[in-house]
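Anchor point for the sequence shown: position 307 equals 307 in this note's numbering, and the numbering is continuous, going up by one each time.
Think of the hints as simulated: they come from the structure by calculation, not from any bench. What you are looking at is a predicted structure, and each value in this text was computed from that prediction instead of being measured. Keep in mind that a hint or two might mislead.
Taking lysine-lysine pairs in the BS3-like style, the calculated list, with each CA pair at most 25 angstroms apart, reads [claimed, not checked]:
(1) K370 x K327
(2) K511 x K370
(3) K561 x K521
(4) K521 x K511
(5) K561 x K370
(6) K518 x K498
(7) K96 x K45
(8) K49 x K96
(9) K327 x K200
(10) K291 x K200
(11) K246 x K200
(12) K45 x K22
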Amino acid sequence: MRIGIDFDRVIFDTENFDEYFKNNTGLYHVEESVYDSNGNYSPEKHAEKCGINVETVYNALSDLSNFLYEDIRNLSELEGHQLVLVTRGRERFQEKKVEASGAKKLVDSVEYIESGSKDEAGIDVLIDDREAEIERAEVPGFVFDRQNHDAEDIIDFIRAEEVFNRYDVRGYYPEQINESFAADFGKAIGSFLLENDSTKLVVSRDNKESSEELKPAFIEAVRSTGIDVVDVGVGPADYAAFSGVKEQSHAVEVTSSHLPLDTNGFKMMYPEGNGFINEDLNRIKQIFRKKNFEEGNGELIETSYREEYVTEALELFEQIKDRSEGKIVYESMGGAGSVFVPDLLRQAGFEVNELSEEHSRPHIDPPNPKPELLRHVETEVEETDADMGLANDMDADRVALYYDGEWIDGNTLFALFTQLIRPERMVASIDTSQVVEDSFDGQIRYTRVGDPFVIDETINFEAALSGEPNGHYCFTQFVPYNSGTLAALLLAGTDLEKRLADIPEFYNLRKAIQVEEKNSKMEGIVQEASELFEVISEADGVCYRTEDARVLIRPSGSSPKIRAIADANSQQAAQKALDEAIELIENA
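Work out the full structure: start from the sequences and follow the hints.
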């Protein structure tokens, strides 16, 4: 993470320096402006108005080390991050202050900003004493006030930023996410719920060993705020959401989903079943940082919604199945899918070869159902002459399908589900292929990439189906949350030979480009694309049509990259559109 830190009034005692500067340079107050066209203080102008040689002014800035706040040296604790001093002002003046104070030795780099936004420095977060600077930079930020904060508050802020992601909380266990963190996070969640007039919380976990350690600490902390906790046991993320809907309560799943096994975290759901949006997660983060927790004595209620979950999944399966027999190879990767999927498949009538049956814990690292981690599934399907291979990730919110010698891509799976569900209304992320829209006759809405945005719109649009090409699919008749378990069951019951033959041929090509100044570059891309092409959407970057393809160019949410996706019914057209998009990115 590139951490942007302001100089004046954050690590440098500007007020006392100003007094020193006035007393040791001969400068005095003048009525005329001493600021340049960018609003920055100009020693050159000030010296000229006072009739003083400007070099005399700069010579007075020889040793400013006593104005550097001593606690700033503690920022060395932030190992693994880049500290970028981002200071606004005329470059010569600011550079002289930075060097004379010794601040340059304490950071990885220095960026001098005379005009424009501080995110031009390529920072991921900004520590600044002015809220307007953070708003202008459009990156997460901490408004630093020297009267109330010190370096430890900056460290606490960064620690939170490390694990509070766009949609959930994840980090390394036990370095970042541990029982102590779970306790503070549980108190923050409980305090947030009380702010929003809620009185209880459903809690579930995956079957990772660290989840077993984190869950009790989290539950106890939530209860300490006065919130009742409904512990529904162990299951996939959609089981937590399903149970929350039944309880008409918020829900939390202890999991880090498909990330490596040395990580863990928390996923939060609303009473409607959908995942938390950024605004509410940011509020929880604020409560977490300030540690201003409510106090109370909530009850613990232990129950299970397993029977209802299985019954309703099988009822939906019976409504739309093409078949209910066959041989299935299933790989849970040792994750929470093992709690439900084999049982669902067997009750539906299938013969199941469960590859991780002997593993009570996840054993494939990372537990992410990508082909390169599932070669053994391919082998087992071929050697046992099974009909298909199915796999889920750690918390079973994603699904993967191996059929007829290949892994079926996420857009094709989405198109299959449109055929099975036959929705009147559907929601898809903007990076979804045109083939999905072409596979059904109803209404479709596109959203920015990210399952909370997709499912939030799914609820608003009252859509029966939604998804993303990354393996996330939501069936609202079951629960408005991504369900890799139900998706696996429905795919098992699909006549794949017939259904796949009905999907139009398409090509979906992707490329990620490393860039500097991602946000400003995207502005140029959007403007250029608007002049050259028919723009479809600006919900997430820019989506436009060329003569033979549809193209999406969007900024990555987690890295300094811009992604280009070209979609067409021929490989030649898709490649041409992708090449044009890459050229557009590089020249913007």
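Outcome of the hint check:
1. As the CA atoms of K370 and K327 are separated by approximately 22 angstroms, the hinted pair is consistent with the 25 angstroms bound.
2. Distance check on the hinted pair: K511 and K370 sit about 18 angstroms apart at the alpha-carbon level, within 25 angstroms; holds.
3. For the hint linking K561 to K521, the alpha-carbon distance of about 10 angstroms falls within 25 angstroms, and the restraint holds.
4. For the hint linking K521 to K511, the alpha-carbon distance of about 16 angstroms falls within 25 angstroms, and the restraint holds.
5. A hinted pair counts as satisfied when its Cα atoms are at most 25 angstroms apart, and K561 with K370 qualifies at roughly 22 angstroms.
6. Restraint check: the Cα-Cα separation between K518 and K498 comes to about 44 angstroms, which exceeds 25 angstroms; the hinted pair is violated.
7. Between K96 and K45 the CA atoms are separated by roughly 17 angstroms; this keeps the pair inside 25 angstroms, and the hint holds.
8. Taking the CA atoms of K49 and K96, the gap is about 21 angstroms. The hint holds against a cut of 25 angstroms.
9. Distance hint between K327 and K200 is unfulfilled; the C-alpha atoms sit about 42 angstroms from each other, more than 25 angstroms.
10. Between K291 and K200 the alpha-carbon distance is near 20 angstroms, which keeps this suggested pair within the 25 angstroms criterion.
11. About 13 angstroms separates the Cα atoms of K246 and K200, which keeps this hinted pair within 25 angstroms; it holds.
12. For the hint pairing K45 with K22, the CA-to-CA distance comes to about 15 angstroms; that is within 25 angstroms, so the pair holds.
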